[in-house]
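Participant: Just so you know, the sequences run in chain order V and Y.
All residue numbers for the first sequence refer to our numbering, where the first residue is 1 and numbers rise by one.
All residue numbers for the second sequence refer to our numbering, where the first residue is 1 and numbers rise by one.
Hint data in this document are derived by calculation from the structure and do not stem from the laboratory.
Please note that a few of the clues may not be correct.
Restricting the straight-line Cα-Cα distance to at most 27 Å, the calculated cross-link-like pairs of lysine-lysine (BS3-like) are [said to hold, decoys possible]:
#1 K548/Y / K187/V
#2 K83/Y / K189/Y
#3 K83/Y / K187/V
#4 K450/Y / K345/Y
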Amino acid sequence: MQRIYIFKRFERFWHWSQAMLIMFMMLTGFEIHGTYTWFGFQRAVAYHTSAAWVLITLWIFAIFWHFTTGEWKQYKPTMEKAAAVLRYYLTGIFTNAPHPFRQSTLTKHNPLQRLAYLFVKLVINPLIWLTGLLYLFYGSWSSWGLSWLSLEWIAMGHVIGAFLMLIFFIAHVYLATVGHTPTAHIKAMVTGWEEID
Amino acid sequence: MTNQRTIIGALIALATGLTILGVAHAAAEPALSAASTKTINDAAPKPTSSTADHTKFEVLQAEFKSGPEVTKACLTCHTEAAKQVHLSKHWTWEYKNPDTGQVLGKKHVINNFCTAVASNEDHCSACHIGYGWADDKFDFTVQENVDCLVCHDTTGAYKKLPGLAGHPNYETMEWPPKSGRLRPPTDLKKVAQNVGQTSRKTCGACHFRGGGGDAVKHGDLDSSLETPQRYLDVHMDADGLDFACSKCHVTDAHEVPGSRYAPTTTDTNGAQMRGSKKIRNPVTCQACHGSAPHGKADAKLNDHTKKIACQTCHIPAYARGPRHAKMSWDWSTAGKLDEHGTRIKTRNSIGKVEYDSNKGHFTYDRYVIPEYQWFNGKVKYTLFGDQIDASNVVKINEFLGGPEDPDARIWPVRVFRGKQMYDKGLNTLAVLHTAGNDDTAYWKNYDWDKALAAGMKAVGAEYSGSMGFVATEMSWPITHMVAPKEDALKCEQCHAKGGRLAGIDGAYIPARDRIVAMDMAGFSLALLALISVLVHGAMRIFVSSKNKD
Ligand code: HEM
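Make the full structure from the sequences, and use the hints.
Facilitator: Laid out in structure tokens, this is it:
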């Protein structure tokens, strides 16, 4: 067993605060959507809007960090071993087969993770940002020459983003438990240190 | 040399400065002591805002015998007043809608309350600002026929009575009829000497009592607005802002703006500056508040003004005072008499007339939640002569506009429902001769045919001899009884399924609306993901427990 330092301090801070925020945004967002009543619509909107600004700020810092540290390369898609990793999660994991991918500081994520996170960063997040900001600035549409937009379509795009985020969230939380022990990956995201065979 | 001069100059300057300071100080002192003991200001009598005391005018010292005599006296100084009044809707009871070309006004429209003015002028004209409109021969050009007092009385003693063609009583008279109570002759001299600006009470004398009584017609106007609390109307609050009607209905040359015949439903202007030459309706909320009145913390509310009238949130209900608004009027049951052949009047548990032989059945309600609809300010009336479809509800007036119309907003509306007379042969709403001391008046003889023949004759038509009752609806925009902001609608009252705006099409309302198929797909996929990971997890647990054995 070997320990390697994978997640830097900012990265861990970013990850956990983003996790909290996204959970909160889903909670308040689906209340605004009318799925249930908990805070009440008015407060749900107020919380969702405040959290949105915090999340956007966080994302701006994260983007800056990714580019200044070169960490963005971690998400460069690769198909190498992707099929093997998929096969591992579908069968190998039940037969104690070895994981086909070896983590290192230079490649933190296995090929499936890379694809999934890239999808989050290039599709889900921009969709939510764009539609969310347009939603927020509905009152300025006419002065921005956007009167042709329909609130219904913007809301639809935002809700699609929310559903994608929800599905990602479910899969992500579960996959966090598939390390060599159920809490290994989670501990790694707390301490920064991953234990690898 | 120069030095010396400078020193002298400086000394002079210093001396002057000190003197000025001393004088200023001395001057300040008495003022200060006056303020602290509050003698001068207290003693000064508060001037009235008016510059004329009408009790001092010679022409008003007369023992007036009639209203027109008073008017003549008024006109000796206010030389142009009657000419102005003659041009106003209050006088003509006529309004030509420039959009539709329809000739409207009380003189012409048929409503679903007492239905029509024609043939009943001597009663209806108790709310006309004139004297002597008893029938279709009234001369609208006579200046002294203008009734100044009904609007400008401040004593509360002036009252025009139905049946007197717009006059107050000049002799002792039993009032209300058959009450046994005697009303002394109107003291015209006293009223004339105490004229002043219009007030909620003078406007309300007619507008709170439209349709024949208090709280009958508008729903958002009734006598509780004479001295309302803040709760009932934040602007008219008698202990607060205490607005008179004219504070918003800013009147110029006796033409009072803010008519329902062509209302301004959408105003995208900012607040109107003093002196602004822009021609606009001064009565809108926006004329004072602008179109983005909510503060930064509530900025989202400003976005709503693209689709929603201020009134929709800020008047959460009408008839919010102690008075019950009349809600429906069914003429079809009128005319039942007791075994002696006399008029029946029954009252409900709150003392409101439920049935009256003269008029039929009524219902009432208080704290009424309005109906909501798109409204662009254009109104289409069903007038006498317009062909109707009696198998359907006839819209006395239809508010137009839809979600795609940039001038339309979602408005709160009072819909007054009833059943009323129509001429089956002519297929049009009918004109009924209701009031009068003659053989044909319905309230005298309860004979539909005679009363309809007389009523229709008054509008130049011939009654076909066959009548029926048709269901009708009349719409009233709700705009008075503005609640304090604490009582405005809460977000949840519309942003929910089955909320206030449940029936509104063409607007996406978060929490009310969703694309069902998308929700189904989204939640199904999320559930599928959840089940997959749970099965995967269960299998892992199962395998690892087997491996341990
Ligand atoms: C993980 C992130 C987020 C999730 C899961 C999420 C989810 C949702 C959902 C489900 C709705 C209800 C939409 C509807 O039914 O019409 C909503 C509304 C909204 N969201 Fe988000 N959202 C997220 C982030 C954001 C961001 C970043 C912004 C802003 C920049 C934003 C702004 C809004 C706004 C303005 C509304 C509408 C509130 C209103 O009715 O006024 N959201 N969100």
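Participant: Checking one constraint from the list: CA of K450/Y to CA of K345/Y, max 27 Å. Satisfied?
Facilitator: 23 Å, holds
Participant: Just to be careful, I want the Cα atoms of K83/Y and K189/Y compared with a cutoff of 27 Å; is the pair within it?
Facilitator: 23 Å, holds
Participant: Holds or violated: are the alpha carbons of K548/Y and K187/V at most 27 Å from each other?
Facilitator: Roughly 24 Å between the alpha carbons, so the hint for K548/Y and K187/V holds.
Participant: Keeping to a limit of 27 Å between CA atoms, is the pair of K83/Y and K187/V held or broken?
Facilitator: This hinted pair is violated, its Cα atoms lying about 90 Å apart.
Hint 3 from the earlier list is the only one contradicted by this structure; the remaining hints agree with it.
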